[in-house]
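For the record, the sequence lines run as chains A and B.
Numbers 1 to 255, taken from full-length UniProt numbering, label the letters of the first sequence in order.
Numbers 1 to 298, taken from full-length UniProt numbering, label the letters of the second sequence in order.
Just so you know, the hints here were simulated from the structure itself, not pulled from any lab data.
Any given hint could turn out to be false.
Here's a subset of chain A near chain B, in silico, CB distances under 7 Å, partners left out [to be verified]:
(1) V107
(2) S109
(3) A118
(4) N119
(5) G122
(6) I129
Backbone N, C-alpha and C fix where the C-beta goes; we use that ideal spot for every residue, glycine too.
Chain residues, written in single-letter form:
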Amino acid sequence: MYEKEIEQQKRNIVEMVHANRIEAHLSPAMAMMEIFNVLLRDIMNIENGIDDERSDRLVLSNGHIALGLYAVYESIGILSKEEFYTFGKRDTRIAIHPDRHHTPGMVISTGSLGHGLANAVGLAYAWKIKGKENRIFVTVGDGELNEGSIWESMIFAARMKLDNICCIIDDNKSTEYMPDISGKFHSFGWDVVEVNGHDEEGLRKALSQRTEEKPYAVLADTIKGHGISLFEREPDIWHFKGISDEEYAMILEDL
Amino acid sequence: MNLMISQFYQTSKAVLEMDDRAVVLMAASGAFLFPDLKRKYPQKFVEAVDVGIMEQSMVSIAAGMSIAGMIPIIYGQSPFIIERAYEQIKVDFGYQQLGGNFVGFGASTENAIYGATHCCPADLAVLGMIPGMEIVVPGRPDEYHTLFLEAYADNHPTYYRITRYCNSYNKPVMFGKANIVKKGCKATVLAVGPMLELAMQAFKDEDVTILYYTTIVPFDEKTLQANLVNDRLLVMEPAYQGGMLPQIAKALHGNMMKMDLVGYPLEFITNHGYVADNASRYGLTVEQVKSRYQELIK
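Chain A with its partners taken away, still in its complex shape (with noise of 0.2 Å):
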């Protein structure tokens, strides 16, 4: 459904940053794409603006696929062109980690990998207490499953019965050291969902289900670097790095 706006972004991604000369979370951001523009496009509820206090929430957890989100912004006018070629740069509204003061549509800040979950657990719980219906998405990596304060949060979560968050789990194989996550999160008391990553149907379909008194979890398989063979051949070489005129002659032709 989304096919060639994907294509799109992917393409502009990598123009700016070949055209920037700067390093980027290439491979990260690619795995992300079909997420992101579920979410954004079909299921949070943003039709207020994406900073009205009225809106579903995203966290970013792993602050680094936030490039991703940027090009997703700018095909659906959050950003300008000319602003989305601002990442990175000094001044930005939009650098390699988001910063909520500063990004569009960001409640937390967050890069320090670990952080973003336990936050958007508070944010749920506070809402809970004051009766807010809207819901909180949160984005993690399986690498971030190894830090320590994400079961935490996850305990609490579960024990506070919080069926407003939902966590997307972006488990793109960054580590080899999280086997069956779906079986921890059953076990922390959260439902869990698979789906393929990149099957725009299959997310829209996770994403849009809610579980009752229980928190939510995504489990979504993806390709780190999907769509662009030189990234999805060395994913970690990709992970962040910056582009040549040599590659990126070679990525032009393969999109």
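Assemble the complex: chain A is given as a structure, and chain B must be docked to it using the hints.
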């Protein structure tokens, strides 16, 4: 009974009753002391876990609640809510510019009977390195109450270091303002929180100015600048020596001064025992402090 912990309970109860935004979070430690608060405010008095600890996530969760407009009061042993969760305080409250209250007991060596893991003499120094952080060191339960009410909703992260050792000096205190306890000519003694008791015992009959600080950050520079005498300054901190030097150096504006620091030396507290048992080892008896003063005024 630790009187200041008892005051924490009374003050928290008062704040929960008068301010809908307030919420108390605890990581197991001491929550059993407050069963009635837990019954009365089941949503706003939260033990982060029933058993065990999760201070790091408790601090991050509290930050999320602060983003939603609530005012978290985080209570626990200082080494665990401050040092274990230091990055969470720095990033989730400091960097994000959120308000929250960190009430720590067992600071410095007060829990030395449990060993070095339960000591926290670096608290004042490390927290002073987080931009926007406020640090309050009351010397009496009533001071805790006053200072907490003044600062708890000011949209800054604030650390309240509570203590079982209370001063007999009893005059009103204000957040961010030092008290001039007495005036003299030979030296200025700057006493922080519960160190005032030792300062009064050692110097009540000496010709010195004694300043009493219950707020370290923001630091009352004007009172120090206006009351420096004879270019001699003795700093008495209930923590590692020198933790307040950044604030003091800034207040002195580069003026030359003979200075000495009374507090805990930079070493792990491994000999267990209570504060009083350890006083002589760390140079914190009346006689030892007097001797330091005599050297200072030579």
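Structure-based check of all given hints:
1. V107: holds, 6 Å
2. S109: holds, 5 Å
3. A118: holds, 3 Å
4. N119: holds, 4 Å
5. G122: At 2 Å from the nearest chain B Cβ, G122(A) passes the 7 Å test, so the hint holds.
6. I129: holds, 5 Å
Going down the numbered hints, you'll see the structure goes against none, and every one checks out.
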